[in-house]
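Undergrad: Since the structure of chain A is already known, use the hints to place chain B on it.
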Amino acid sequence: MLFNSIEFAIFLPIVFILYWFVANKSLKLQNFLLLGASYFFYAFWDWRFLFLLIFVSVLSYSIALIIQKVEQKEQKKKWLITGISINLLVLAYFKYFNFFVDSFIDLFTTLGISLQKTTFEIILPIGISFYIFLSLSYIIDVYWEKLKAEKNLIDVLLTLGFFPILLAGPIQRPITLLPQIKSKRIFHYQSAVDGLRQILWGLFKKIVIADNAAVQVNYIFSNYESLDGSMLLLGAFYYAFQIYGDFSGYSDIAIGTARLLGFNLMQNFNYPYFSKNIGEFWKRWHISLSSWLNEYLFLPISYSLARKLSRRKYFGVRADKINYSIVITATFFLCGLWHGANWTFIIWGLLYAFYLIFALFTKNLKKRFKKNLWLDKLPMVSILITFLLTSLGWIFFRADNLAQAFGYIERLFSASLFTIPERSRTLYFIIAFIIIEWLQRKKQHGLEIDNIKFTALRWSIYYLIIFLILNFSGSQQEFIYFQF
Amino acid sequence: MKLFLKKIFLFTIVFGICSVIVGQIYLHNYLKIVFSEEAFRLPENITTVFFGDSHANTTFDPEIIENSFNASVESEIYFTTYSKMIALLKSNPQIKNVVLSHGYHNLSFAYNKDILFSDKYYSLFDQWGKEIIHSAANGQLLEYKYGPFNSFFSRWFAYLEHFVNSTFIRLKYDMGVPVNLTDYLNFYVSILRNNPKLNEFPLYPGNYRSDKSNLEESLTNKFINLHYYIDGEVGSSRIMIESLYRMAETCREYNVNFFLINTPIHSSFKSKIPEYYIKLYDEVLIDLKDKFDNIYYYDFSSVDYPDSLFGDGDHLNSIGMERFSNKIKYLFTE
Numbered sequence: 001m002l003f004n005s006i007e008f009a010i011f012l013p014i015v016f017i018l019y020w021f022v023a024n025k026s027l028k029l030q031n032f033l034l035l036g037a038s039y040f041f042y043a044f045w046d047w048r049f050l051f052l053l054i055f056v057s058v059l060s061y062s063i064a065l066i067i068q069k070v071e072q073k074e075q076k077k078k079w080l081i082t083g084i085s086i087n088l089l090v091l092a093y094f095k096y097f098n099f100f101v102d103s104f105i106d107l108f109t110t111l112g113i114s115l116q117k118t119t120f121e122i123i124l125p126i127g128i129s130f131y132i133f134l135s136l137s138y139i140i141d142v143y144w145e146k147l148k149a150e151k152n153l154i155d156v157l158l159t160l161g162f163f164p165i166l167l168a169g170p171i172q173r174p175i176t177l178l179p180q181i182k183s184k185r186i187f188h189y190q191s192a193v194d195g196l197r198q199i200l201w202g203l204f205k206k207i208v209i210a211d212n213a214a215v216q217v218n219y220i221f222s223n224y225e226s227l228d229g230s231m232l233l234l235g236a237f238y239y240a241f242q243i244y245g246d247f248s249g250y251s252d253i254a255i256g257t258a259r260l261l262g263f264n265l266m267q268n269f270n271y272p273y274f275s276k277n278i279g280e281f282w283k284r285w286h287i288s289l290s291s292w293l294n295e296y297l298f299l300p301i302s303y304s305l306a307r308k309l310s311r312r313k314y315f316g317v318r319a320d321k322i323n324y325s326i327v328i329t330a331t332f333f334l335c336g337l338w339h340g341a342n343w344t345f346i347i348w349g350l351l352y353a354f355y356l357i358f359a360l361f362t363k364n365l366k367k368r369f370k371k372n373l374w375l376d377k378l379p380m381v382s383i384l385i386t387f388l389l390t391s392l393g394w395i396f397f398r399a400d401n402l403a404q405a406f407g408y409i410e411r412l413f414s415a416s417l418f419t420i421p422e423r424s425r426t427l428y429f430i431i432a433f434i435i436i437e438w439l440q441r442k443k444q445h446g447l448e449i450d451n452i453k454f455t456a457l458r459w460s461i462y463y464l465i466i467f468l469i470l471n472f473s474g475s476q477q478e479f480i481y482f483q484f
Numbered sequence: 001m002k003l004f005l006k007k008i009f010l011f012t013i014v015f016g017i018c019s020v021i022v023g024q025i026y027l028h029n030y031l032k033i034v035f036s037e038e039a040f041r042l043p044e045n046i047t048t049v050f051f052g053d054s055h056a057n058t059t060f061d062p063e064i065i066e067n068s069f070n071a072s073v074e075s076e077i078y079f080t081t082y083s084k085m086i087a088l089l090k091s092n093p094q095i096k097n098v099v100l101s102h103g104y105h106n107l108s109f110a111y112n113k114d115i116l117f118s119d120k121y122y123s124l125f126d127q128w129g130k131e132i133i134h135s136a137a138n139g140q141l142l143e144y145k146y147g148p149f150n151s152f153f154s155r156w157f158a159y160l161e162h163f164v165n166s167t168f169i170r171l172k173y174d175m176g177v178p179v180n181l182t183d184y185l186n187f188y189v190s191i192l193r194n195n196p197k198l199n200e201f202p203l204y205p206g207n208y209r210s211d212k213s214n215l216e217e218s219l220t221n222k223f224i225n226l227h228y229y230i231d232g233e234v235g236s237s238r239i240m241i242e243s244l245y246r247m248a249e250t251c252r253e254y255n256v257n258f259f260l261i262n263t264p265i266h267s268s269f270k271s272k273i274p275e276y277y278i279k280l281y282d283e284v285l286i287d288l289k290d291k292f293d294n295i296y297y298y299d300f301s302s303v304d305y306p307d308s309l310f311g312d313g314d315h316l317n318s319i320g321m322e323r324f325s326n327k328i329k330y331l332f333t334e
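Note that the protein sequences, when read in sequence, are chains A and B. For the first sequence, position 174 matches number 174 in the numbering used here, and the numbering has no gaps at all. For the second sequence, position 184 matches number 184 in the numbering used here, and the numbering has no gaps at all.
If we strip away everything but chain A, and leave its shape as in the complex, we get (with noise of 0.2 angstroms):
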């Protein structure tokens, strides 16, 4: 079920009223009502794939009960191996088999070994990759103890199910979900008025920003060898909006759903374009997959190959930048494949690692330079550069192959760039749209406006939202995060 559907507007408050009017006095009955709206909403895409998602659930919820309950260390540590190694199994027979099989057949090919092509027409279940990763975080945070294994198979099967983040997120960390679904929610008027305009907000994102984003990004995506490089250059900033647009338009509507409901979910894009740098922007971006990220991958193979790292510098250069290097790396490569099967996402993810890794090497060099050239004192130049090293980044996310992504980007650097483009009427959403994030960044969303106390006033704005996403929609699409 979309939420820019008719069935969501629908499914929505039906779910609100039974679950405060009807399942309001007692707490398990409410989350019993939130379990059953949940498979609901993910059966109603294919409910084959219900059984998959009940089976990692309680395979997470069986396996963390173990960790807790056996006493030695060996012993909850294989527990603790067995539970990643199914979790990642499912995902990568679900979502990684065939480009696997593929790659290691491109791999022979171009070693003069020629191997018959079997690949199996394998349906990606929508939303695999955000609830593997809870799955995930829920075994690790038990065997650290962060977290006492949940006995509730309710509660355990909601948190890892709840409907709003079941699809793309955020990536809602079972030691911060699950308290909430075991205490009493109760009805904040202010926190509900807000939840609907982050959905509103979120919906203008997806239908206004990101629909008629994606007209053009399409035209120009599929055409790109016969049209001028500053129509790619376009092209590629579109791509920026319809991406951010779809995903943190979804991340609104997700928190904006979640406080209707009385759940308080984390921020999870942070006006990610406004960002001063790539790591800046990476903390500000898809904060929840960054952050998981963080935390189970990066820190754990940073401690352990700090300790192996023993001596002080390798090859003149310090260990701890090796480490960073290293690690940083690995993580950007396990970011890029999480996005997809396609050498277009491990690519994005590496280039990202390059970022990190130059702006590490030349920390000393960039800071001179800023202060020489009074950058510092202009952090525009340095949003502007942030955004055109991730629209660059953006192209090898959004191009269907290598091919076609370095055939953009060829063509996108060449004479034809200083020529002026054509502008279509999503160019100039966009622009009022920037302008708009840059007034409210201090806020949690776009539409948080209660600090206007004329009631007129602040409704006449709703109203002209509602009149915008109902004038000006892009044709329907997906959401792009559906596929991760």
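None of these hints come from the bench; they were simulated from the model. Please note that a few of the clues may not be correct.
To spell it out: a stretch of chain B is covered by chain A in this simulated footprint if at least three of its residues, at any positions, have a beta carbon under 8 angstroms from a beta carbon of chain A; those stretches are [unchecked claim]:
#1 1-7
#2 11-19
#3 151-163
By construction, the Cβ of each residue, glycine as well, lies at the ideal position given by its N, Cα and C atoms.
TA: Just chain B now, with coordinates in the frame of chain A:
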């Protein structure tokens, strides 16, 4: 919670009232302009009007056939053509000949899916047409539109979505609530710019044309599938057949000649048309001729034209159109 619900209710009510006001203004103007009798008025010298889908679009050239107007639009189904025909005949008493492209595919159930997409012409529909648009009881129509119902939920959501759409159409056209502001806004902008787009009008002349010739088998198979099969099955459309009879009846009422023309198709295409449709077509035609004395039927589906005159297996290209129009240009004056 009470305050929250109260505010939501109030917000919706204000939105509803504003919408109705804007909607009434819109309907008054939009319908007045787009669906007025004036919008359907043709020049006084037009005595022959061509109707139909892409087949009529690529066959009859009004620049060659004197005093004619081609009102056909690609993919237009008989259900829509019927309503358009009434509007045109009402506004143009000078019309003497109505010419309808009548191919084997026009009676196929494969086009039923388009019936529930015909709301653009809702204002033109008579009671019968409106009932069909709103009738969700005809589950088959919904299945054509939404695809096969694989589960209980998909069936009921299709019904629900149809109910919502149907309500929206009633709200929009019967009550004047602006449910699709995009249409209105774009229309007003175009009026302000003094440049309404042609396709906003029901008499928008289609532009399905081809200068090339592509008789590849894959393309032929694609069109054969599109016209005649749903999941490998063949079947007739009760609504399209009913529309055809209603068109004949309308022509009789207005005392005009009703020409049915089976337009030229390539032999390789014709050989692939399922026998079922040819039989159905003949049966319907015999019955029509029995019931109406104002019908003239011409079958050009086996005309022996070279490949270079076909745009694809079942359409002429612009050279073929010119040749064919010259061939039949006196047909309607004799």
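Undergrad: Determine for every hint whether it applies to the structure shown.
TA: Against the structure, the hints come out as follows:
Here's how the region 1-7 of chain B fares: 4 of its residues keep a CB closer than 8 angstroms to some CB of chain A, so the rule of at least three is met and the hint holds. Counting residues of the region 11-19 of chain B whose C-beta lies closer than 8 angstroms to any C-beta of chain A gives 4; at least three are required, and the coverage claim holds. Counting residues of the region 151-163 of chain B whose beta-carbon sits less than 8 angstroms from any beta-carbon of chain A gives 5, enough to reach three: the coverage restraint holds.
Checked against the numbered hints listed earlier, the structure breaks none of them; every hint is satisfied.
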